[in-house]
Structure formats: C-alpha cells, structure tokens
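Q: Going down the list, the protein sequences come from chains L and C. In this text, residue positions in the first sequence follow my numbering: the first is 28, and each later residue adds one. In this text, residue positions in the second sequence follow my numbering: the first is 1210, and each later residue adds one.
These are calculated hints, taken from the structure and not from any lab test. Just to be clear, a hint being listed does not mean it is correct.
Said to hold, decoys possible - Label pairs and their in silico Cβ distance ranges: (1) C/D1529 with L/Q72: 35 to 45 angstroms; (2) C/H1333 with L/K153: 17 to 27 angstroms; (3) C/K1219 with L/L157: 45 to 55 angstroms; (4) C/I1528 with L/Y68: 51 to 61 angstroms; (5) C/M1362 with L/K153: 51 to 61 angstroms; (6) L/A161 with C/R1597: 55 to 65 angstroms; (7) C/D1529 with L/A121: 47 to 57 angstroms; (8) L/A63 with C/K1365: 39 to 49 angstroms; (9) C/D1529 with L/V43: 28 to 38 angstroms; (10) C/E1225 with L/D46: 42 to 52 angstroms; (11) C/K1365 with L/N116: 45 to 55 angstroms; (12) L/N116 with C/P1391: 53 to 63 angstroms; (13) L/R76 with C/N1260: 41 to 51 angstroms; (14) C/D1529 with L/N116: 37 to 47 angstroms.
To be verified - In silico negatives: residues of chain C with every beta carbon more than 10 angstroms from chain L: (15) V1363; (16) E1393; (17) E1516; (18) Q1536; (19) N1549; (20) H1552; (21) Y1554; (22) D1555; (23) G1557; (24) M1558; (25) F1559; (26) T1569; (27) G1585.
Said to hold, decoys possible - Listed next, the in silico DSS-like pairs over lysine-lysine satisfying Cα-Cα at most 25 angstroms (straight line): (28) C/K1351 with C/K1375; (29) L/K50 with C/K1609; (30) C/K1215 with C/K1346; (31) C/K1231 with C/K1509; (32) C/K1373 with C/K1351; (33) C/K1231 with L/K137; (34) C/K1231 with C/K1351; (35) C/K1467 with C/K1524; (36) C/K1373 with C/K1347; (37) C/K1284 with C/K1423; (38) C/K1402 with C/K1423; (39) C/K1562 with L/K50; (40) L/K67 with C/K1582.
Built from N, CA and C at the ideal position, the CB exists for glycine as well.
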Amino acid sequence: MSIEEIQQEIIAEFSVFDDWMDKYSYLIELGNGIEALDEKYKVDQNLIRGCQSQVWLNAECRDGVVYYQGESDALIVKGLVALLLRVVNEQPAAEIINADFHFIDSIGLKEHLSPTRSNGLLAMVKQIKLYAVAFNKMNS
Amino acid sequence: MKFDIKAIRKDFPILEREVYGKRYIYFDNAATAFKPLQVLKAVEKIYTQFNGNPHRGAHYMSNQTTVEFEAVRDKVQQFINAPSREEIIFTKGTTESINLVAYSFSEAFIHEGDEVIVSEMEHHANIVPWQIVCERKKATIKVIPFDDSGRLMVEKLPELISEKTKIIAVTLVSNVLGAINPVEEVIAIAHEKNIPVLIDGAQAVQHIAIDVQKMDCDFFVFSGHKLYGPTGVGCLYGKRQWLDAMPPFLGGGEMIEKVSFSGTTFNVIPYKFEAGTPNFTEVIGLGAAIDYLNSIGFDKIFHYEQELADYARMKLDTIDGIRFFGQTSHQSNVISFIVNSIHPYDMGMFLDKMSFAVRTGHHCAEPVMDHFKIPGTVRVSLAFYNTRDEIDRFVDALKKVVAMLS
Chain L
28 MSIEEIQQEI IAEFSVFDDW MDKYSYLIEL GNGIEALDEK YKVDQNLIRG
78 CQSQVWLNAE CRDGVVYYQG ESDALIVKGL VALLLRVVNE QPAAEIINAD
128 FHFIDSIGLK EHLSPTRSNG LLAMVKQIKL YAVAFNKMNS
Chain C
1210 MKFDIKAIRK DFPILEREVY GKRYIYFDNA ATAFKPLQVL KAVEKIYTQF
1260 NGNPHRGAHY MSNQTTVEFE AVRDKVQQFI NAPSREEIIF TKGTTESINL
1310 VAYSFSEAFI HEGDEVIVSE MEHHANIVPW QIVCERKKAT IKVIPFDDSG
1360 RLMVEKLPEL ISEKTKIIAV TLVSNVLGAI NPVEEVIAIA HEKNIPVLID
1410 GAQAVQHIAI DVQKMDCDFF VFSGHKLYGP TGVGCLYGKR QWLDAMPPFL
1460 GGGEMIEKVS FSGTTFNVIP YKFEAGTPNF TEVIGLGAAI DYLNSIGFDK
1510 IFHYEQELAD YARMKLDTID GIRFFGQTSH QSNVISFIVN SIHPYDMGMF
1560 LDKMSFAVRT GHHCAEPVMD HFKIPGTVRV SLAFYNTRDE IDRFVDALKK
1610 VVAMLS
C-alpha cells in the first residue's frame, strides 16, 4: 500500500468514533500494540527530547525501503508514534521525503503535533524525514 | 469586608468560559493567573484616554501616564514594604529581573574563579542566567540541595559558602514542589559573610505577605501576570547600595543623564535600569491588580487559598497510588503529583478533554525531575477564585482518568 492509501485506511478506522474517549482508548491500544524498542536502541542518539514526553526513533534501510522503530514514555504519544510508523514503514525513502501526514488532522489529533505541546512528536516527524533524506542520498 | 467568593468570581468573567461544551476549570494559576475586570478596565483606560509616553513630553497625556506610572512604583513599594520607591525597577517579568541582576551584578562584582550559589529547586529562570554569567566570567555555580520531602537543606549552605561566593539566588516558593523556603535563614547565613541574596518571589507574592525589609534580602523579583496583572510586566527590588554600584543592563532612552559621542553619563536609579519606553500600560494594569487585591484584603485571600489548598490535598489523597512531590511542613497553593506510573502527559491530555486545565511536564525545573527520577508531574495550582466544588469535580474526573489509563 502507498503512503496515501495507508492514510486513507487510518482515516476510515477513526471515522467510527464520535466520542473523544473511544478515540483515545483506541489510540492507547495502538500504542500498547507496538513492539517494544530494543534497549540497545534506547540511546541518547535516538532520543527526541520533548518538554512533556520523550520519543525514541531508530531507522534502517534495507532493499530500498525504510524500517522505522519507535517508542515513547507517554501512552498517547506512543499511539501516535504507532500511527506515524504504520504510514512510513517499508516505504521508499523518496516517498517518505515528500509525504504529507494529513491523516493526523483528519482524525482530529493535530493538536499533538503543535509546537506548543512539545511532546517530541513534531521533532519526530522531522527526524523521520531526515532519515529518509539520508537513506535516499546513500541509495542514489 | 467579607470574603465573598460569588462576588469575586463575577470580577473574573473568564471563569464563565466553556471549553469542549463544559465549564472550564482552571487550576494552572501558577503559570499565569486570570485578570479581574478592574485590571482590564485600567488597561483599556490607558489606550482610550491617556496614551502618552511617560517622562518624555510636556503635554497632558504624557504627564497623565507619568503620574499613573509612577504611582504604581509607590504601590509596589508598599506591597513588598521596600524602604524607598527608587529601589523598585520595572522590568518585563521575573526572568528579565533575574537576568538584569545576573548581568549587571556580575559586571561589577563577579570575576574569574568566583562562585554563585543557587538551589536545586530553582526554576530555569533562576539557573540559566547565572550559568551564562558564570560561563562569561569563568566562575562556577554551587547548589543547595533539597531532601525528598522538598525541604531546602539550608544546613548545607555554610559548607557551600567560600571566600569566593559572590551572590546567592534562591526561590521563596518552589513552582513545582510548592515548598515555602526558610529564606530568612539563607539570608542570615549569607549576610554573616557579607554575601548578597536574590529572592525569586514569582510564586510567592500572590500567596504570602512580603516584607523585603524584614526578610532583609538584597534583591527581590516577581512577575505581574501571576499576580492577576497583565503579562509583560515584572518588578525588581534591589537595595540601593547594590543598584547604585551596578552598571546598566540595557542602554537607550530614559536611562541616561547626558549623551555625547565622547561619552555618556547614566541616570540615577530606578531610571538607570529602565531603558527605552517603559511598559507603562502593563505597569498601570499591575497597579490596578494590587489595588484590587488590597480591596479584598491580602490576609483574607491568603487564608482562603491556604484552606482551599489543604482541602485539595486531602481530597487528592483519597486517590489510590497518588504520590505528592513537596510535603514539607510549609506548603503553598501549588500541588504536584503523579498517580502510579501514569505519564503526566497522558493525564494532562485526558483532563484537558474533560475541561480541566492543569500543568504537566517538568515545569521548567528539570533538576527537580532529575532529583526524583521522574519525567514530570501533574501540577494543580489554585487561586482565590477557585472553589471546593471545582476541586470535588476535579478529583472525580481524575479518578476516571486514572481508571482509563491504568
């Protein structure tokens, strides 16, 4: 599936919730579902420090596509990490560089990406793209 | 006058606001407080009637703002019981006040190898300016620790002081722990060695009576917006002997006596430290806030807030797994906690969705978080317009949030 197709899939999934509580419960479920990041990757080099919460992000490039792994200490942020990684994982670096993660706005969670929340997510989006840029350069 | 909570709440129209379809309950007063109508009207009056640059013109409006602006200096002097009005300097906030002292004091008195002492529970605003100064002057910072109850370990101070100690900067009330520090003891120890002390009053002025002469501090700083006044205004009190000996912080209009290209001489205090057009509108708004608080009576406000904070602590204590940070014998209206291992961000987000405003995170005091090895806390900070009913609702909501996140 393309980045856009996955985003549409997530938007459809979230469209069933009309209550914020159900939506956030689902988000937390998604967060709890992500594979715990191996301790060896939980190093300062992979740490994205937010004012409120922290995010760890690791990335590898194999066979032209990027594999990201991430985690956060806050459940809501972890859920958002899960969603973001679902969109970008196993995608070609060139596609990730140009991706617009509009689904976050569509599912009503954009507030978590605002600079004032300073939960590390905005910096994570930037980091996802920086990895993609680096891998793209290596591959070309 | 009786402390009439219903009448008081009417003075703060913002308390009626609904957010997410429910009445918003605001418990983030330590970050910034709401402003009463009296302050809003004072600010409006400036813009609609007296918009003249103070001290600068011979015209009516300039004179009028000068009178009102300078009257606030007297109000602040009385408010903290400073010996003279010239020792009150208007800044844009606590942070600027501390930066002013750090810069100007260090220019005159701090040299290579000297030492500055701060405490472990300081807000970043009372750490970073000193770090910048120490970097510049090749001086070092020493730290007074606090114990796990949040008590400042003043007994450690004598061993930290050396011949090289030039200034000590300590907060009166911790913005995270809510502990009210025995700053008189710090000042007494420091003064035995003739070391000046700066007291950060940002979290104190709205909650406890301040008497800088009794306290005998050398500098005292606070912000207007936490004292129900506008943003962008703060105060610095400094003993004349220090202020006179310190060079200016910023250069510009107002702070000069005479300017020529062969050299400039500086004005006397307080003007020496008030370069440029002063924030007269905000200062006059702060004056209205002080008048308003006086009209209710500080004693009544402090008493009501203390009872409310005690009630909140008692109610919060009924939540299983709650852990308080700051449990000294002398606590303010700031209550920090976490519940089990629930992340403060998650708790804050859910509370927000339920229309409660609390602060979460490290509260610009990362050394405090490092002390307890936690990522942050949830902080409830109360004001005299908050009620027991709001606390009851909050505790009920918090119980639901804990159940959802456990």
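Q: Okay, which hints does this one fail, numbers in order?
A: 4, 5, 10, 20, 21, 22, 23, 24, 25, 26, 27, 30, 31, 34, 35
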